[in-house]
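Letter by letter, the chains look like this.
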Amino acid sequence: MSATHGGGAESAPGEAAAPSSPYEPVFGGPAHQQLEALFDKYPTQQACLLPALWMVQEARGWVSEAAMAEVADVLGLTPAYVKGVATFYTMYHLHPVGRHFIQVCTTSPCGLCGAEAVRDALLEATGCGELGTTSPDGRFTVVEVECLGACGFATPLLIDDDFIESVTAESVPGLLERYP
Amino acid sequence: MGFPHPIHPKETPILSEHFGHAEARTYDGWVERGGYAALKKALATPPGEITEAVKTSGLRGRGGAGFPTGLKWSFMPKDGGKPHYLVCNADESEPGTFKDREIMRWTPHALIEGCAIAAYAIGAERCYVYIRGEFTGPLRIMTDAVEEAYAKGALGASALGSGTRIDVTIHRGAGAYICGEETALMNSIEGKRGNPRIKPPFPAQAGVFGLPTTVNNVETLAAVPHIVNRGGEWYRGLCLGNEKSTGTKLFSVCGHVAKPGNYEVTMGTPMRDLLMDMCGGMRPGRTLKAVIPGGSSVPIMTAAEAEDCLLDYEGIVEKGSMLGSGGVIVMDDSADLVYQIWRLARFYAHESCAQCTQCREGTAWTTKILERILKGQGERPDLQLLLDLSENMTGKTICVLSDSCAAPIVSGIQKFPEEFEAYITKAREPALAST
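Quick mapping for you: the protein sequence lines, in order, are chains F and H. Going by the working numbering, the first sequence opens with residue 1, and the numbers climb by one from there. Going by the working numbering, the second sequence opens with residue 181, and the numbers climb by one from there.
Chain F with its partners taken away, still in its complex shape (with noise of 0.2 Å):
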């Protein structure tokens, strides 16, 4: 396996919450009654452990130990099962990363048509200088993947929920310009 995804955890300063301060529950409140809503289209809780971590990453911008321990308790599993399930997917943060999370595909197709010259552009324009890791500033964080469907479109990439087709190496810095 590639050590490619979420090395970022040293390098995100500020954004690792303090190990004193105490875990604040994100299924205590509406996301509760949203998760809950969930329920009565599976028919069991545990299929709702993918949508869960979801709405985690969603809320806090990764997945905790501590949030995967929460989810545990909510859908009746245990802490370690749902730390096996989130560590399988790729999306799932497991450390703190930047502001904004930038996702390029440099899969053969989209390796045909420049997508390491793109990669290679973000890496330099975002400051973050190394896959996996956050710029100095928290505002990016640069990851490869693997094939993200759009190889007619090349090279694509996710930044954030922006799915970006069509992307070059010179239209990098001007893009970038839109996440602040």
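I should point out that these hints are in silico values taken from the structure, not numbers from a laboratory. Worth double-checking, as some hints may not be accurate.
Selected chain F positions facing chain H (Cβ under 10 Å, derived; list incomplete) [to be verified]: (1) His-32; (2) Gln-33; (3) Gln-34; (4) Leu-35; (5) Cys-48; (6) Cys-105; (7) Gly-111.
All residues carry an ideal CB built from backbone N, CA and C; glycine is no exception.
Knowing the structure of chain F, use the given hints to seat chain H on it.
Below, chain H alone, put in the same frame as chain F:
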């Protein structure tokens, strides 16, 4: 961005007719274009007759395996008692493939209608549409469309006033190529790691939540309303090649062509027409070198094989590859085949779920050996070693991910030996820096 190209005269736009029409995304816009008539008709027809019509049509799975859809539906147990499920595989992650994304973002109701008809035909109490996590746009569009279909009464307790309950739930993936494999996908819906399951039992006996399940691809389900509207015989008549390959197919073309994109053609159309006419041929001054015709998991074809190939399940097999998902990756004479094969092997190594030894070790070691060759440190026995490893990665694992890694390696070494030779004899500069 990503607006579809105007329809080419050699295309047969059935699924893609309304691509690019933003109004077609809304319920009313879809109804104006003839939408939901098929669902209405289906709900007034015995379920068995729908399945028969799909059998007659000759429709085969568009996700990669090409299994006859009507036959798959007929495997579902007919006796009541246990809940049944339909799962729509919208996890499109096969490198080179981007057709399901186009169906979902332009014609979400076509897919919802197909899901509703299929759910009715197999007696499913719910359909889960599993959309890969990276598809943020299609996810939003599909979520809105499902909500709208409920609000308009096309889904819910009495779909279109028929008295039949049909439910559709969108389920978001979270980043894992392997979840496109149907049993891994079902595990993922259940809130588990996306490890593929041993078959049998097949999904029709014990699928998602251990209950009878049918898993169909987006493009397959989107074709169903057309078959219900116009009849299985009509669909069967859409055929220019082998009679076992019927209907239209969306081919996603990417890489070194002038106009990449999705092109919908009748099965049996020559690949030359797709690449040279519809896609505008190669970039100026370039010639075709290689084609991977069915997503990255199928053998590589030479230019000669591609230029003389018919686009249907049998036609591509005859030329040494497979139709797969219809993701056509085109490489011109500027492409470094060894580099591209290494990049694909790295993809599979990254995406292996690591359950089976042959896959976990095989994908990683073939990647490392290819890397060594690209660094100019390869030796001639490395090619045999790659072939030996590939043989041990084929047909020996729970799912076909490791077979998929082996396919481009074996076909690459067999069909383009000179590319590997050039690195081994140091005739070519290393593509990767030594570390």
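Structure-based check of each hint:
The criterion of a C-beta within 10 Å of any C-beta in chain H is not met by His-32 of chain F, whose closest approach is roughly 17 Å, and the hint is violated. A cut of 10 Å between beta carbons decides the hint on Gln-33 of chain F: the least distance to chain H is about 17 Å, and the hint is violated. With 10 Å as the threshold, the beta carbon of Gln-34 of chain F stays out of range of chain H, its nearest partner Cβ sitting at about 14 Å, so the hint is violated. With its C-beta approaching chain H no nearer than about 12 Å, Leu-35 of chain F sits outside the 10 Å limit, and its interface hint is violated.
Below 10 Å, beta-carbon pairs count as interface contacts, and Cys-48 of chain F has one with chain H at about 7 Å; its hint therefore holds. Restraint check, Cys-105 of chain F versus chain H: the minimum CB separation of about 9 Å is within 10 Å; hint holds. Given hint, Gly-111 of chain F at the interface with chain H, holds; its Cβ is 6 Å from that chain's nearest Cβ, closer than 10 Å.
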